[in-house]
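So you can see what is in the structure, the chains are spelled out below.
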Amino acid sequence: MSSADLANLSDKLMLSTVVLYIVAMVAYAADLGFGRRRRAAVEAPAEARVLVGTDGEPVADAPPSGPQDAPAERPKADWVRLAVLLNVLGWGAHLGVLVSRGLAADRWPWANMYEFLTAIAFAAVTAYLVVLWRYKARFLGAFVMLAAVVALGVANIWLYNSVGPVVPALNSYWIAIHVTAAIIATGSFTVAGASTILYVLKARQEAKIAAAGGPAPSEDDAGFLARVPSSEALDRLALRVTMFAFPIWTAAIIMGAIWADEAWGRYWGWDPKEIWSFVTWIIYAAYLHARATAGWKGRKAAILSLVAFAALLFNFFGVNYMFSGLHSYA
Amino acid sequence: MTNTQDTEIDADEAAATRAPAARQAPGESPPSRPRGIGPFGWLRWGWRQLTTMRTALILLFLVALGAVPGSILPQRGQAPEKVAAYFADHKTVAPWFDRLSLFDVFAAPWFAAIYILLFVSLAGCVLPRAVKHYRSMRARPPAAPRNLGRLPQSESYETDASPEEVLAEARALLRKRRFRVDAEGDAVASEKGYLGETGNLVFHLALLALLFALGMGNLFGYRGNVVVTEGRTFANALSHYDQFTPGRAFDTDEMAPFSISLDKFSAKYEVSGDKRGQATDFQARLRYRDSPDSPERRYDLKVNHPLKAGGAKIYLINHGYAPTFTVRDAKGQVAYQDSVPFLPMETRTYTSEGVIKAPDAAPEQLAFYAILWPTAVASGDGKQIVSAFPDALRPVVTVSSFKGDIGLDSGAPQSVYKLEGIGKTLQPIKGGQKLLKPGETFTLPGGAGSITFDGLKQWTSLSINHDPGRIPALIAAILAVVGVAASFAVRRRRVWVRASAGKGGRTVVQVGGLTLGHPTAEFDDIVTALRGPRDAGKAPAADADEDGADAGPGAAERADAEPGTGSATEPKE
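Sequence lines, in order, name chains A and B.
Heads up, the first sequence is in UniProt numbering, so the first residue is 1 and it goes up one at a time.
Heads up, the second sequence is in UniProt numbering, so the first residue is 1 and it goes up one at a time.
Only chain A is shown next, with the shape it has when bound in the complex (with noise of 0.2 angstroms):
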């Protein structure tokens, strides 16, 4: 195939991929609307195997926390599969859409911000099918579909660019190093995003029941949260994946100073997108020590948690277009 033909074909794939986690994203959320009934019926004896199986590992699943004595009806969708099932498709689509804009224009995909961000997009996504894998958090699955969506259609509407070749300055060994790192831990912070959101509600909602003093309402009352775990498990998710990703943000960041000593002459020199980098390092650092610290951890280490992600995003697209800088390419 000749690099037009791979250029087009990333283009297509990019469309199905879009599509397919479109649909992906409403089967999770009619999963986390309607689809816990059915399966606590059908899969509580699986569950619990599990629970005794991961010896109390309460983010594998918690036991539903609906009725479980629920009829037994007649299934009328297994939502949850499904979604798993599209978002796999869209997965394998999405990693053709880098492979074949790489070969199209034979250099790593990832060299501007229609391409870095698409492959940001591919990083949470992948990140989340890892947690959907290990630790069964198939309720971040509509919030992380819904931020890749919406990270692509930006990425298609806004910041689109053709294949062709990079600027002198990224035609460096560095650019597989540095931004796939940077792209790994973006896209892992993403997920970590979502699970300290859906933890700042369900303590919300935690806190208000046990306030109320009352039982704990019925599934239909207390709405989605319902279906999500304790806020004990999501808070104990996200920092996992922060633990995950941190290191990695640190590298990506050590290993941009050393390309800047490299490319520019200096390894730090203020430049906008590191002082973000930085800013966004700092307050990670500082989310993982107030997890650790009492009187901290919980509800305000979470918002450090966001404010850092705020700050991320922030760094990717804040950056690029209010100031003038040194990586005014990606």
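Mixed in with the good hints, there may be bad ones.
From chain B, some residues computed to sit far from chain A (all C-beta separations above 12 angstroms) [what the hints assert, rightly or not]: (1) LYS192; (2) PRO246; (3) LYS275; (4) GLY431.
Okay, derived cross-link-like pairs now, EDC-like style, lysine to aspartate or glutamate, Cα gap no bigger than 20 angstroms in a straight line [said to hold, decoys possible]: (5) A:LYS300 - A:GLU206; (6) B:LYS457 - B:ASP338; (7) B:LYS313 - A:GLU262; (8) B:LYS302 - A:GLU206.
Since the hints were made in silico from the structure, they are not lab data.
Heads up, the beta-carbon is just placed ideally off N, CA and C, and yes, glycines get one too.
With chain A held as given, fit chain B onto it using these hints.
Showing chain B alone in chain A's frame:
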């Protein structure tokens, strides 16, 4: 330090998982306000406050907050010309911002105060912890608790082997698994996984080292910029730089005596498609000497491939065109003959502008403003010239001529890229506009002189720096990454084995495990291995936990202050 906890971590998992002891407020809960404790007491109190996690968190947040204006406002260190422009545009607020050092955030005293306090707080926490960790690594593994059954992980079984055999086997097995093993009485105590805390300490100490490396580079290094045109030589001396920033402690006599000659600069551009005109490669062909008497060597300088010469590093930063002109005055004498660096106005087409100043022209000084079109074509409507491509395929300059006083004699500094006093001291020559191809001469109207466009050269902008902190900073940075990864990935864990004679001549073996954070499958593997094949299948081992390779969970809990004990982290009111 401030902790009142014994170094011994008991079977109490809670004690093991809380925030670092050094970050905890004193356990004896002193009164919130020290009264009648004297200056020394105040110092102690202040030091404790400074080294609490709460203070560290606030300082971290302040560092982040303090860095933000550095990205919003122009900074002198990066773009002094933008700071000047900001002053011109914001006459009232700019001086106030300047008083707050907001144009030099990263050199500001208040910013330095924040990060120095942060690093002092960090050192105050980490150094005592390092000492403690060193001691605990050398101390014997903690003795077995009385009741192993109460540990988070425990197992007991009976075997035909004698207690001595069981303990010997346990010692061998645990040693093989690289535990530190200690035998005492009827039990074996073992511990491993010090790397987690070591990594944590290395990470924090590496950050301190990184700060020192940065400071060292700033103090003893230098950096400068110079524009070198093809055919010219640059010798590394202060006076030859266009811009030079020495470190505070840098002695300019120490500058390495290297020299660089630029033979040729070449740029490659994309020639077709919608990325047409985008640069794909730059290369500067150089000859250089480390010192005047060392042999001359060649180097192809490229972006991302700096040249190392005489302890300095030389980078290709920018490039542009430098047309060569010959200016003759009214008497026909050569008043100026040289190439003039032009600044690109637009990088897509490299249309560039520049000025030619001929102060030696008589009777009146001559000056020219010129625009270079590297690949000149007619614009769509055929009325104007535009450049279609950044490479010099069909170079053309348009010149506008001026005569009068250039203003160089007054001694006031002038930009080499601008004409000053147009309309005042410098008057445009009527009919003095002309389009020139290489080799063409324009004779100025009224016999004022002539200008010849001799040809086109290119210039490169080189950044030259010497930073003695570079390698230390790199080492510190690598240590920081390795340290943080290790601290998240490795947990400390302890295993105890106790064997005693039971009923019927059989031996009762009790195994207990304690992991900082979440239990791992390692414990079950150890139990299975201890029981050996002869007992296998007798009773199902407790459900194996998830894989031990999982970095997240344990590390996650490690950072967890257990409820109930956690309040010790905060100074009590």
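Results of checking the hints against the structure:
no. : hint                : result
1   : LYS192              : 21 angstroms, holds
2   : PRO246              : 15 angstroms, holds
3   : LYS275              : 4 angstroms, violated
4   : GLY431              : 40 angstroms, holds
5   : A:LYS300 - A:GLU206 : 16 angstroms, holds
6   : B:LYS457 - B:ASP338 : 10 angstroms, holds
7   : B:LYS313 - A:GLU262 : 9 angstroms, holds
8   : B:LYS302 - A:GLU206 : 60 angstroms, violated
Of the hints listed earlier, those the structure fails to meet are numbers 3, 8, in rising order.
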